[in-house]
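Asks: Residue strings, one per chain:
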Amino acid sequence: MIWHQKEISLAAKGRGFHLVTDEILKHIPEIKKIKIGTAHIFIKHTSASLAINENADPSVRIDLETHFNKIIPEDMPYYQHNTEGSDDMPAHIKSVVIGSSLLIPITNGRLNLGTWQGIYLCEHRDYGGQRKIVITISGE
Amino acid sequence: MIWHQKEISLAAKGRGFHLVTDEILKHIPEIKKIKIGTAHIFIKHTSASLAINENADPSVRIDLETHFNKIIPEDMPYYQHNTEGSDDMPAHIKSVVIGSSLLIPITNGRLNLGTWQGIYLCEHRDYGGQRKIVITISGE
Amino acid sequence: MIWHQKEISLAAKGRGFHLVTDEILKHIPEIKKIKIGTAHIFIKHTSASLAINENADPSVRIDLETHFNKIIPEDMPYYQHNTEGSDDMPAHIKSVVIGSSLLIPITNGRLNLGTWQGIYLCEHRDYGGQRKIVITISGE
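Line by line, the protein sequences give chains A, B and C. Taken in order, the first sequence gives residues 220 to 359; the numbers are from the working numbering. Taken in order, the second sequence gives residues 220 to 359; the numbers are from the working numbering. Taken in order, the third sequence gives residues 220 to 359; the numbers are from the working numbering.
Among the clues, some could well be false.
If chains are identical, the list can't say which one is meant, so a pair holds when it fits in one copy or spans any two.
List of simulated lysine-lysine pairs, DSS-like, C-alpha gap at most 25 Å [stated by the list, open to error]:
1) 289 <-> 251
2) 251 <-> 351
3) 225 <-> 254
4) 254 <-> 351
5) 289 <-> 254
6) 225 <-> 252
7) 232 <-> 289
8) 263 <-> 245
These aren't lab readings, by the way, just hints derived from the structure by calculation.
Please model the entire structure based on the sequences and the hints provided.
Replies: And the structure:
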């Protein structure tokens, strides 16, 4: 039985959906030792989130940003939490909708993702800065 | 390797988003024994959900309730599932959007949450009653 | 400590929300050996998702499909990713909103779901075909 945990920082990114599969994988070479297991990826913030989606055509990531801004807009008159900037309350809502963590199977030393799947950092603030991530891999 | 599981009931709460980090933690003192691991928190209901978000300013929780009611309203004319009250079908949709479980890293005997992160019980019914939760912690 | 992992295919289903609890359970008889643990169910696609919701009244699943089509419609003029059919970009957004995996507690050899909870395959494409799922169960 193997447990391995590491806290990392992802480099600051602009608002939007970003493919970070490789930026995450480079921190967990220990994954190679696991034949069957899972990788847990957790973001320690309430205004950014993690998702899995299309790893090829970047237009998917652009459309995700556009559509999330339509259904969770800035400056709605009923927002009471509005002292931290127009982008702040929508960021909290998007984070609740998309989620703060991912759990991905590990098979034969690799993340067992589908052909078209990649890991997204979803940055919901205009200037979110670095984002802290805790990666926990376990298996045998 | 440690596995520990407990089924608990969270006290009945009004419709809305509620911070329950402490109400959950008091049931799992065993977490102190785990250096590296994960805590899984699962809600056994289809009209309430679990999320992680802002643990300080309560206006975030109010705005979440308001905005979810905007995008997932009651009494839409196309709802076919409408015999259990106006709040029932929206509750099912919100539960699918937000999710039924959380997985949080454990580090050195504590939940490794970010500074501003807390655990929310998202109660989508007007009178949901007590909510059953299964907590499973594992690690070494 | 038990780890068991299996990759399966769920039979092709029409667009909509489908109850697949039994179709999944029949592939993991090994669950009976686990007293305390978790079952991880992961879909290897970016245009279908997994959720937990109402296992009885099928009108809930119909309303979910209807409402998700309202808040994430086809053919929005701002979609740039539109070469794979009108149902494709909405499928990616729905997948990000609903999520690609589930983690369910195992207790005394069974999934510890609530009375009304079942596992949904959420098929967001008109003709999505078979869907590959990785099931990982662990526990003691």
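Asks: State for each hint whether it applies.
Replies: We went through each hint and held it up to the structure:
1. Within a single copy, residue 289 and residue 251 get their C-alpha atoms no closer than 41 Å, and across copies no closer than 43 Å, so neither meets the 25 Å cut-off.
2. In this assembly of identical chains, the alpha carbons of residue 251 and residue 351 lie at most 25 Å apart whether taken from the same copy (23 Å) or from different copies (23 Å).
3. For the identical chains of this complex, residue 225 and residue 254 are neighbours both inside a copy (19 Å) and across copies (12 Å), given an alpha-carbon limit of 25 Å.
4. Taking the shortest Cα distances, residue 254 and residue 351 sit within 25 Å of each other only across copies (19 Å), while inside one copy they are farther apart (27 Å).
5. Taking the shortest Cα distances, residue 289 and residue 254 never come within 25 Å of each other, neither inside one copy (42 Å) nor across copies (43 Å).
6. For a Cα distance limit of 25 Å, the shortest separation of residue 225 from residue 252 qualifies both inside one copy, at 16 Å, and across copies, at 19 Å.
7. In this homomeric assembly, residue 232 and residue 289 come within 25 Å of each other (Cα to Cα) only inside a single copy, at 21 Å, whereas the closest approach across copies is 30 Å.
8. In this homomeric assembly, residue 263 and residue 245 come within 25 Å of each other (Cα to Cα) both inside a single copy, at 19 Å, and across copies, at 22 Å.
The structure is inconsistent with the numbered hints 1 and 5, although it conforms to all the rest.
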